[in-house]
Amino acid sequence: MELGRNAFFLTNDFFMNHRNMLTTSGQSLFDKWVEKRAVRLDDKDIIVSL
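In this note's numbering, the protein residues as written are 675 to 724.
Treat the hints with care, as some may be off.
[As the list claims (entries may be wrong)] Below, computed lysine to any residue pairings styled on SDA-like, alpha-carbon distance capped at 20 Å:
hint, residue 1, residue 2
1, K710, T698
2, K706, N694
3, K710, L684
Hint data in this document are derived by calculation from the structure and do not stem from the laboratory.
Sequences are here, hints too, so could you generate the full structure?
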């Protein structure tokens, strides 16, 4: 995993367990960070051809 201002991360969830451990102001900052850095993948994005 690479860290830095140009790094992104791939996730299939919304980090709700981590988010709920933060204060209200921390949740706001966390939401902004996830919005800018997350590349989300869920089952609607997966196409399987047989």
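For each hint, the structure was consulted:
Only pairs whose Cα atoms come within 20 Å are accepted, and K710 paired with T698 is accepted, the gap being roughly 19 Å. Between K706 and N694 the alpha-carbon distance is near 15 Å, which keeps this suggested pair within the 20 Å criterion. Between K710 and L684 the alpha-carbon distance is near 12 Å, which keeps this suggested pair within the 20 Å criterion.
Hint compliance for this structure: every hint is met.
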